[in-house]
Amino acid sequence: MKNRREFLKDAPDAMLAVLGLTALTAVAVKAAGSADTKASGPMDRMRADLKRAMAKPVDQRRWAMAIDLRKCIGCEACTVACRSENKTGPGVAYRPVLVETEGTFPDVKRTFTPRPCMHCEKPECLKACPAEAIKKTPDGIVYVDYESCVGAKACIPACPYGVPRFDEGGYFTDNTPAVQDYEKAAAYEMGVKRPRNMADKAPIGRMRKCHYCFHRLQSEALPACTTTCVAHATFFGDLKDEQSLIFELSRSPRVRRLKESAGTKPTTFYLV
Amino acid sequence: MDEKPTSLELTRRTFLQSTAFLGGSALLSPMLDKAGRLADEASAAGGSSYKLADAKNYISTVCLQCNTGCGIKAKIIDGVIVKIDGNPYSPWTMFPHTDYKTPLTETQKIDGKLCPKGQSGLQTTYDPYRITKVLKRAGKRGENKWVTIDFQALPANVEKRGSRTANLSRPEASPSMMRGAR
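Listed in order, the protein sequences are those of chains S and D. With the first letter of the first sequence counted as 1, position 213 gets the number 212 in numbering that gives the first Met the number 0; the numbers rise by one all the way through. With the first letter of the second sequence counted as 1, position 106 gets the number 105 in numbering that gives the first Met the number 0; the numbers rise by one all the way through.
Keep in mind the hints are simulated off the structure, nothing from the lab. Be careful, since some hints might not be right.
[What the hints assert, rightly or not] Straight-line C-alpha distance at most 30 Å; calculated DSSO-like pairs for lysine-lysine: (1) Lys116(D) <-> Lys183(S); (2) Lys132(D) <-> Lys55(S); (3) Lys116(D) <-> Lys55(S); (4) Lys116(D) <-> Lys108(S); (5) Lys50(D) <-> Lys134(S); (6) Lys108(S) <-> Lys134(S); (7) Lys55(D) <-> Lys70(S); (8) Lys152(S) <-> Lys108(S); (9) Lys70(S) <-> Lys183(S); (10) Lys183(S) <-> Lys55(D); (11) Lys132(D) <-> Lys50(S); (12) Lys183(S) <-> Lys55(S); (13) Lys135(D) <-> Lys192(S); (14) Lys258(S) <-> Lys132(D); (15) Lys135(S) <-> Lys50(D); (16) Lys183(S) <-> Lys100(D); (17) Lys159(D) <-> Lys192(S); (18) Lys200(S) <-> Lys50(D); (19) Lys144(D) <-> Lys183(S); (20) Lys200(S) <-> Lys55(D); (21) Lys139(D) <-> Lys192(S); (22) Lys192(S) <-> Lys70(S); (23) Lys239(S) <-> Lys55(S); (24) Lys144(D) <-> Lys100(D); (25) Lys50(S) <-> Lys144(D); (26) Lys70(S) <-> Lys239(S); (27) Lys100(D) <-> Lys55(S); (28) Lys183(S) <-> Lys264(S).
[As the list claims (entries may be wrong)] Just a few of them, taken from the derived set where beta-carbon distance is under 7 Å, the chain D residues facing chain S: (29) Tyr49; (30) Ser59; (31) Val61; (32) Cys65; (33) His96; (34) Lys132; (35) Ala155; (36) Val157.
[Stated by the list, open to error] Sample of chain S residues with no beta-carbon within 12 Å of chain D, all distances over it, derived: (37) Asn85; (38) Val91; (39) Lys121.
Heads up, the beta-carbon is just placed ideally off N, CA and C, and yes, glycines get one too.
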């Protein structure tokens, strides 16, 4: 008697169809091959874009983020992921979600606008800082240099988007039986490991803001908000790469930027 | 200038002397190209300074913030979970999920998706009001009197505890209470 494998191999297709088995081999081949076939979703594509971008010289790439407002459900996973990743304490959130409600019941509408840093081409925060503590990387990331920041807070009124926030210290688990260790754990912002455990040491007492997860990009990982966005509403990549998803999105007629009249030329854009 | 600073010897005097001589420029120039240096340092380290993108530093587990049970990565530094992200091998967090044959060296930098409840799992795991010691009742039920017992003594205490039915007025009404009753 032949074994089952031989039996199935020799069976005519009609019979296999009856048994519902025709698709089996096709699926098996597809699953095995999926590791090396082309990107099968936006996350795969963005990871491939990121890999290519990191292989380029730093001044030949330009990071940008896009947020699709039709997809955003206002869950704030991005807000929490960013706070968890960067260990921001009470009062600081790099990526809050602005919620607007229009109309009165029953004709109500609610929109959600996640608001990371715009990483402007002409950043007002950089101009306003008296300590010249806000700098821009060659690939377009506007960041705060914690070594130079003196907490002057001039960037707060300067930014048209309300992005920079001052870290006053304190923990969410203050006034509970014990402040928990994860709150004091280090973040790796701008590639520097910094625990948040002493009142006078950075990042406490400094201005803080989104830096497109620079430290994750160095490890070829997408920003925390981008990876966690459940609704697939956040996109990230190299604008100078015409094969990238972000470049494709930037050509969409749905593109809008926030407060374009402010003249800051924000890099982060929205799809409305 | 009595002392010449050597590369190994740096006293306050030699430090002040050298900066006076150089006009402070030695201090300024590192800061001026900090941006370029940051990028160089981080990429020279191969991103290894960022410990959370290293497979050695996470455990694969399941989020229990809701009944879905998404597979997650709990990223751990010095014995403390510092970040939770979706595990790309789980189809709940990445669809299509990362092929199981994909080596960890590649997936360590891939994070799956995770909802805000999952992302805030740190607050649940490390709830400051969580019970951290074994409590054994030291009074009547409802009196809220407890003693702390050693964790090692727990199995013996559970096994040799008193009668389940001693405090009940009508234990025979419940077959499950009577099963194995002492």
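Now the hints, each set against the structure:
| no. | hint | in the structure |
| --- | --- | --- |
| 1 | Lys116(D) <-> Lys183(S) | holds, 21 Å |
| 2 | Lys132(D) <-> Lys55(S) | violated, 54 Å |
| 3 | Lys116(D) <-> Lys55(S) | violated, 37 Å |
| 4 | Lys116(D) <-> Lys108(S) | holds, 25 Å |
| 5 | Lys50(D) <-> Lys134(S) | holds, 25 Å |
| 6 | Lys108(S) <-> Lys134(S) | violated, 39 Å |
| 7 | Lys55(D) <-> Lys70(S) | violated, 35 Å |
| 8 | Lys152(S) <-> Lys108(S) | violated, 35 Å |
| 9 | Lys70(S) <-> Lys183(S) | violated, 34 Å |
| 10 | Lys183(S) <-> Lys55(D) | holds, 21 Å |
| 11 | Lys132(D) <-> Lys50(S) | violated, 47 Å |
| 12 | Lys183(S) <-> Lys55(S) | violated, 35 Å |
| 13 | Lys135(D) <-> Lys192(S) | violated, 43 Å |
| 14 | Lys258(S) <-> Lys132(D) | violated, 54 Å |
| 15 | Lys135(S) <-> Lys50(D) | holds, 25 Å |
| 16 | Lys183(S) <-> Lys100(D) | violated, 36 Å |
| 17 | Lys159(D) <-> Lys192(S) | violated, 50 Å |
| 18 | Lys200(S) <-> Lys50(D) | holds, 21 Å |
| 19 | Lys144(D) <-> Lys183(S) | violated, 34 Å |
| 20 | Lys200(S) <-> Lys55(D) | holds, 29 Å |
| 21 | Lys139(D) <-> Lys192(S) | violated, 52 Å |
| 22 | Lys192(S) <-> Lys70(S) | violated, 34 Å |
| 23 | Lys239(S) <-> Lys55(S) | holds, 11 Å |
| 24 | Lys144(D) <-> Lys100(D) | violated, 53 Å |
| 25 | Lys50(S) <-> Lys144(D) | violated, 59 Å |
| 26 | Lys70(S) <-> Lys239(S) | holds, 25 Å |
| 27 | Lys100(D) <-> Lys55(S) | holds, 28 Å |
| 28 | Lys183(S) <-> Lys264(S) | violated, 36 Å |
| 29 | Tyr49 | holds, 5 Å |
| 30 | Ser59 | violated, 16 Å |
| 31 | Val61 | violated, 17 Å |
| 32 | Cys65 | violated, 13 Å |
| 33 | His96 | violated, 10 Å |
| 34 | Lys132 | violated, 12 Å |
| 35 | Ala155 | violated, 29 Å |
| 36 | Val157 | violated, 26 Å |
| 37 | Asn85 | violated, 10 Å |
| 38 | Val91 | holds, 16 Å |
| 39 | Lys121 | holds, 17 Å |
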